[in-house]
Amino acid sequence: MADEPARARLSFGNAALAGIVTTVGDRQVLFAEEGPSLGLEPGEISRLQRAIGLEARQIVSGEQTTVDLCEASARRLLAGLDIPASSVSGLILVTQTPDHSTPASAIALQDRLGLPITSMAFDVRLGCSGFVYGLAIACSLVEAGLERVLVAVGDVASRFVDPTDHVVAPIMGDAGAVALVERRPSRSWFELYSDGSGQRALYIPNSGVKRVAEDEGRPSVMTMDGAAVFNFTLQRVPDLINDILAWSGKPLEDIDYFVLHQPNKYILKNIQKRLKVPEERFPSATQSVFGNQNAASIPGTISGFLSIPYSEQKLVSVLAGFGIGLSWGAAVIETDRIYAPPPQFGLEQG
Amino acid sequence: MADIEATLREALRRMNEETRCEALDAVTADSNLFDAVDSMAIVDLLLESEALLEAETGNYVALAGETIFDAEHSPLRRWRDWVAYVEQRHGR
Chain X
1 MADEPARARL
11 SFGNAALAGI
21 VTTVGDRQVL
31 FAEEGPSLGL
41 EPGEISRLQR
51 AIGLEARQIV
61 SGEQTTVDLC
71 EASARRLLAG
81 LDIPASSVSG
91 LILVTQTPDH
101 STPASAIALQ
111 DRLGLPITSM
121 AFDVRLGCSG
131 FVYGLAIACS
141 LVEAGLERVL
151 VAVGDVASRF
161 VDPTDHVVAP
171 IMGDAGAVAL
181 VERRPSRSWF
191 ELYSDGSGQR
201 ALYIPNSGVK
211 RVAEDEGRPS
221 VMTMDGAAVF
231 NFTLQRVPDL
241 INDILAWSGK
251 PLEDIDYFVL
261 HQPNKYILKN
271 IQKRLKVPEE
281 RFPSATQSVF
291 GNQNAASIPG
301 TISGFLSIPY
311 SEQKLVSVLA
321 GFGIGLSWGA
331 AVIETDRIYA
341 PPPQFGLEQG
Chain C
1 MADIEATLRE
11 ALRRMNEETR
21 CEALDAVTAD
31 SNLFDAVDSM
41 AIVDLLLESE
51 ALLEAETGNY
61 VALAGETIFD
71 AEHSPLRRWR
81 DWVAYVEQRH
91 GR
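From first to last, the protein sequence lines stand for chains X and C.
Counted from 1, the first sequence has number 323 at position 323 by the numbering used here; the numbering is strictly sequential.
Counted from 1, the second sequence has number 49 at position 49 by the numbering used here; the numbering is strictly sequential.
These are computed hints drawn from the structure, not numbers from a lab.
For glycine and all other residues, C-beta sits at the position ideal for the given N, C-alpha and C.
Keep in mind that the hints are not guaranteed to be accurate.
Examples of chain C residues lying across from chain X (beta carbon under 10 angstroms, computed) [unchecked claim]:
1) Glu17
2) Ala41
3) Leu46
4) Asp81
Partial selection, computed: residues in chain X whose CB lies under 8 angstroms from chain C [said to hold, decoys possible]:
5) Leu48
6) Gln49
7) Ala144
8) Gly145
9) Ala227
10) Asn270
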């Protein structure tokens, strides 16, 4: 019998999600208004609106960064939970758009939040799978002994696209979300996956030290092979969700919400129908309202559309992130009336 | 029972009202949709086809699969393959 490949499966019983706060860019861009500047005809604009749900996105103003957005979310989260920064012993920042390529932006965020120097802080360089990965790492750290860990996920992707690229530019939104994981009984299950053979499906050429001949002269902006990403998603995500349900032992009927990364309405509808999950348990509007929030899209969807049920009810959720890498992962998590206010628009608290 | 090919032709006609690809005005059994239009038009075609078939059959069947955008194996590379693919998805 052939050996089964090693699998990145994790489960936890003593790490609980206590709250989620999301800050989105303060500037709203309407697709119908920006379409002509991208060289799109009115017919093409309406076609894209209908096909993949492009309506609006929220992006940052001026020079605001990932750390700025995450700092705003973290401050609001800690205040809302009435938790002092001095009690947090870990900070993970998941981003593809750090403030500097080095040092890690998590350490700048640690300083700005006033987390003690006896805490650990580090970056994780992942995109749309990043919240699931960050949560898994945070749960691991909590079960290994830390009391409280912040998971910050964010990107200012609008600043890393060619503004004239009608494929990528109108998709991207900016957001920074922060979740708190703390030590108390709560069950969760995770499955994580990686496939570097698809690394060029979504990437920024000439953005590191490696030089590739075919990228010579190309600008350092996000490049997407839409067809490859589409195929990857439909090939991997339905199985990903069925596998995490099997691993957790939870039947599909027991899941209150399926909160997936939000690439576009069509892909999400396709997955929802394949899984035979009712629409009301499968949010899909985030892309249309806020844009693609990359690593922040899962907490961004909870903040944007599920604030009331997550604040008021005990829930079992499937979370699934998938994209650049290629990297994907899913979790089944239990939550019990977490702190989950609606998103904040911009850095100033209203 | 719904005539799937007729429904797919209507979906193609609706999609092409906005795409305006002349090569798709008169589709033959060997017409190549995959190379004729861009990926957004293909998503549009999938949406139109799914919606029309759902209206006629009462069942939503997702038509996008991992081969749809596969440059070598997409059923959209030949009209007759596309019709067969959709019929198979609808259990015909």
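Results of checking the hints against the structure:
A least Cβ separation of about 8 angstroms between glutamate 17/C and chain X falls short of the 10 angstroms threshold, and the interface hint therefore holds. Checking alanine 41/C against chain X by beta carbon gives a least distance of about 7 angstroms; that is within 10 angstroms, so the hint holds. Proximity of leucine 46/C to chain X holds as hinted, the smallest CB-CB distance being about 7 angstroms (cut-off 10 angstroms). Among the interface hints, the one on aspartate 81/C is violated; its C-beta lies about 17 angstroms from the nearest C-beta in chain X, farther than the 10 angstroms criterion.
A cut of 8 angstroms between beta carbons decides the hint on leucine 48/X: the least distance to chain C is about 6 angstroms, and the hint holds. Proximity of glutamine 49/X to chain C is violated relative to the hint, the smallest CB-CB distance being about 11 angstroms (cut-off 8 angstroms). Violation of the interface hint for alanine 144/X is found here, the shortest Cβ-Cβ separation to chain C being roughly 38 angstroms, above the 8 angstroms cut-off. This hint is violated: glycine 145/X has a C-beta 42 angstroms from the nearest C-beta of chain C, more than the 8 angstroms allowed.
For alanine 227/X, the interface hint holds, since its Cβ comes within 8 angstroms of a Cβ in chain C; the closest pair sits about 3 angstroms apart. Contact between asparagine 270/X and chain C, as hinted, is supported at the beta carbon level, the nearest pair being about 5 angstroms apart and thus within 8 angstroms.
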